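Q: Given chain A, work out where chain L should sit, using these hints.
Each chain, letter by letter, is given below.
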Amino acid sequence: MNDADLELRRRTYAFFVEHGRAPGAAELGEPEEILAGWHRLHSEHAVVLNPATDELRMLNPFSVVPTAYRVQAGGRWWYGNCAWDAFGICATLHTDGRIETSCPDCGESLAVEVRDGQADDDSLLFHVLVPAAHWWDDIVFT
Amino acid sequence: MNLFRSEEHIARWLRGREPGATIPVATLAELAQAWWDDRIAPDWQPHTREQNQTILERLGLTGAFWALP
Numbered sequence: 032m033n034d035a036d037l038e039l040r041r042r043t044y045a046f047f048v049e050h051g052r053a054p055g056a057a058e059l060g061e062p063e064e065i066l067a068g069w070h071r072l073h074s075e076h077a078v079v080l081n082p083a084t085d086e087l088r089m090l091n092p093f094s095v096v097p098t099a100y101r102v103q104a105g106g107r108w109w110y111g112n113c114a115w116d117a118f119g120i121c122a123t124l125h126t127d128g129r130i131e132t133s134c135p136d137c138g139e140s141l142a143v144e145v146r147d148g149q150a151d152d153d154s155l156l157f158h159v160l161v162p163a164a165h166w167w168d169d170i171v172f173t
Numbered sequence: 150m151n152l153f154r155s156e157e158h159i160a161r162w163l164r165g166r167e168p169g170a171t172i173p174v175a176t177l178a179e180l181a182q183a184w185w186d187d188r189i190a191p192d193w194q195p196h197t198r199e200q201n202q203t204i205l206e207r208l209g210l211t212g213a214f215w216a217l218p
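Taken in sequence, the protein lines are chains A and L.
Sequential numbering of the first sequence, starting at 32, is according to my numbering.
Sequential numbering of the second sequence, starting at 150, is according to my numbering.
Please keep in mind that the hints were generated in silico from the structure rather than gathered at the bench.
Treat the hints loosely; a few may be bogus.
Unchecked claim - Label-pair restraints from in silico Cβ distances:
id, chain 1, residue 1, chain 2, residue 2, range
1, A, H165, L, E206, 14 to 22 angstroms
2, A, E49, L, D187, 13 to 21 angstroms
3, L, G165, A, N33, 25 to 33 angstroms
4, L, P173, A, G60, 40 to 48 angstroms
None of the values given here were measured: they were computed from a predicted structure.
Glycine included, C-beta positions come from ideal geometry on N, C-alpha and C.
Only chain A is shown next, with the shape it has when bound in the complex:
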C-alpha cells in the first residue's frame, strides 16, 4: 500500500468519523482518482466497496449501511458489521459505548455496555461460523 493510498484511506476514515456517514468520491477529490484509490484499498482489504455501486460498504469496523449491530459511542450511533466490529468501534474510537443487537436465534434484544474495553455482561457468547482462512472469501457473509 503506497503513501497516497494510505492518505486516501486516512481521509476516508476521518470523514466518516467526523460526519457519521461515508463520503462520496467527489467529496474527497477528483472522483475517478478517488474511486481508483478505493478499488486499490478494497483489494488490500483496507476498505470494502459495494461491487454493484462502487460505494463504500464497510470501513471496518464500521459499517456504512445499517446492520443488526448498533453501537452508541462518542456521542453518536454507528453500525458494526458484526459483534467483533461492534466492540471494535469502541476500541477504534477509544471510548466507552453501548452495543444493541438481538439474538440471531430467538430475536431477544441483547444490550452490552462497554466500559474500559470490557463488556458488562460476561454471560454472552460470541460465535464465529467461518474459519479464519476464509473470512475474506465473502466478508459480508463472514
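A: Chain L alone, transformed into the frame defined by chain A:
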C-alpha cells in the same frame, strides 16, 4: 460473527450446520481491543498476517480454525 445468549441458542441457530468457534464475550472484547485499537491512528499501517495471528494466539485462539491465510 454474532452474539448469543447461550450455547443452546447457537445450536438452534446453526440448524445442522457445522459449528464454528465459540468464545466468551470477555475474550471478544479483548480481541476487538487488540485488533482495532489503531484503526484511525494517523500513522496507521496495515497489520501483517503475523501481527494478526499473534493477537489471536495471545488470546488462546489457536488451531486450524483460527489460522489466517
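Q: Taking the hints in turn, state whether each one holds.
A: Taking the hints in turn, this is what the structure says about them:
For the hinted restraint 14 to 22 angstroms between H165 (chain A) and E206 (chain L), the CB-CB distance of approximately 19 angstroms keeps it satisfied. Between E49 (chain A) and D187 (chain L) the C-beta distance comes to about 19 angstroms, which sits within the given range of 13 to 21 angstroms. Remark: the range hint 25 to 33 angstroms for G165 (chain L) to N33 (chain A) is contradicted by a beta-carbon distance near 47 angstroms. Between P173 (chain L) and G60 (chain A) the Cβ separation comes to about 44 angstroms, which falls inside the hinted range of 40 to 48 angstroms.
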